[in-house]
Amino acid sequence: MTDLRRCSLNSATVKHASLADAVDAAARAGMGAVGLWRHQVAEHGVETARKIVEDAGLRVSSLCRGGFLTAATPAGIADAVDDNRRAIEEAAGIGTRELVLVVGGLPGSSPEQPPAPGTDRDVVAARQRVADRLADLAPIAAEHDVRLVLEALHPMFAADRAVLSTLGQALDLAAPFDARTVGVVVDTYHVWWDPDLQASIARAGREGRLAGYQVCDWNLPFAPSALNSRGHVGDGYVDFATISRWVAEAGYDGDVETEIFNEEIWAADPLDTARTVAARYAQHVAPHL
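Residue 268 in the numbering used here is what sits at position 118 of the sequence shown, and the numbering runs on without skipping anything.
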């Protein structure tokens with residue numbers, strides 16, 4: 151029987167389940183951890199949410215999400231710093247070191263919408279503002295012993311969600327900071343296509359910045375929303391054997407979160423979904439770690 155202690159259910163995979171039901175499903179499926187989202191923690195408060203996880207015998211692999219750091223106005227910058235300060239405090243309170251950051255798209259953009267009049271299209275400047283905000287937030291994260299974990303998103307999301315498109319870009323932004331304070335996550339949905347992925351994963355390992363491994367599959371045809379086109383591991387095009395081997399060779403020994411955005415999977419019974427996640431992890435990921 152496969153050891154599932156490193157297998158984690160990101161609660162986005164069972165989006166419509168309550169926090170208690172998501173945690174219960176992960177525990178009953180034999181997993182060792184859950185990845186949580188901030189809105190679920192806020193519904194209960196940090197202390198209660200932490201108790202729900204601990205009472206189930208699980209740990210929190212990561213908290214999603216901070217980020218959205220590309221604002222160009224003084225008010226927008228202040229709001230981003232304040233929100234991420236709260237996210238850092240929530241991560242520490244919930245019992246995880248890993249706060250995943252989706253850095254944000256072009257300022258003023260709205261997810262999956264045409265650009266509004268006056269939208270700032272300077273992607274280079276937007277990336278620089280991400281670097282500037284990391285400099286603001288890194289001391290706060292270090293104070294709370296929390297790591298800011300940069301997530302590169304597929305280039306199709308550069309306009310509205312993340313101006314970081316490759317693991318290499320994320321590592322370059324992380325480079326000025328201590329590895330315990332700023333790291334990166336490998337999300338197979340977003341980076342499986344990258345011709346430099348092996349080298350970037352190896353670099354992340356050498357630099358001690360490999361802070362997370364998230365898995366789900368790249369399915370075709372796309373759903374009406376590309377964001378919700380993820381699938382269960384093994385149903386699409388991602389080479390999990392190879393990427394998992396690269397992650398293992400880089401020295402990563404942490405949790406492996408399954409994070410899926412998919413309307414049909416969200417409509418399924420949470421326990422059935424958790425059991426499928428565990429089975430696919432055992433079949434496609436664990437043998438290569």
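Please keep in mind that the hints were generated in silico from the structure rather than gathered at the bench.
Hints are not guaranteed to be accurate.
[As the list claims (entries may be wrong)] Heads up, simulated SDA-like pairs for lysine to any residue below, C-alpha to C-alpha not over 20 Å straight-line:
1) Lys201 with Gly180
2) Lys165 with Gln348
3) Lys165 with Glu413
4) Lys201 with Trp187
5) Lys165 with Thr392
6) Lys165 with Gln319
7) Lys165 with Gly358
8) Lys165 with Ala177
9) Lys201 with Asp229
10) Lys165 with Arg395
[To be verified] Pairwise CB distance ranges (calculated):
11) Met151 with Ala325: 37 to 47 Å
12) Trp343 with Gln433: 30 to 40 Å
13) Ala170 with Asp295: 36 to 46 Å
14) Gln433 with Asp403: 46 to 56 Å
15) Ala170 with Ala325: 16 to 26 Å
16) Glu204 with Pro261: 32 to 42 Å
17) Asp385 with Asp171: 37 to 47 Å
18) Ala228 with Trp343: 19 to 29 Å
19) Asp272 with Asp229: 14 to 24 Å
Glycine residues also receive a C-beta, built at the ideal position from the N, C-alpha and C atoms.
These are the hints, each one checked on the structure:
1. Lys201 with Gly180: At roughly 19 Å apart (the allowed maximum being 20 Å), Gly180 and Lys201 satisfy the hint.
2. Lys165 with Gln348: It is violated: about 31 Å lies between the C-alpha atoms, which goes past 20 Å.
3. Lys165 with Glu413: Cα-Cα ~9 Å, so holds.
4. Lys201 with Trp187: With Cα atoms ~15 Å apart, Lys201 and Trp187 stay inside 20 Å; holds.
5. Lys165 with Thr392: Violated, because 29 Å separates the two Cα atoms, which is more than 20 Å.
6. Lys165 with Gln319: violated, 29 Å
7. Lys165 with Gly358: Not OK: Lys165 and Gly358 at ~32 Å, beyond 20 Å, violated.
8. Lys165 with Ala177: Distance ~17 Å between Lys165 and Ala177 Cα, so the pair holds.
9. Lys201 with Asp229: violated, 29 Å
10. Lys165 with Arg395: violated, 29 Å
11. Met151 with Ala325: 37 to 47 Å: For Ala325 against Met151, whose Cβ atoms are near 41 Å apart, the range 37 to 47 Å holds.
12. Trp343 with Gln433: 30 to 40 Å: violated, 23 Å
13. Ala170 with Asp295: 36 to 46 Å: violated, 27 Å
14. Gln433 with Asp403: 46 to 56 Å: violated, 20 Å
15. Ala170 with Ala325: 16 to 26 Å: With Cβ atoms ~40 Å apart, the hint is violated.
16. Glu204 with Pro261: 32 to 42 Å: holds, 34 Å
17. Asp385 with Asp171: 37 to 47 Å: violated, 24 Å
18. Ala228 with Trp343: 19 to 29 Å: violated, 36 Å
19. Asp272 with Asp229: 14 to 24 Å: holds, 20 Å
Of the numbered hints listed earlier, those contradicted by the structure are 2, 5, 6, 7, 9, 10, 12, 13, 14, 15, 17 and 18.
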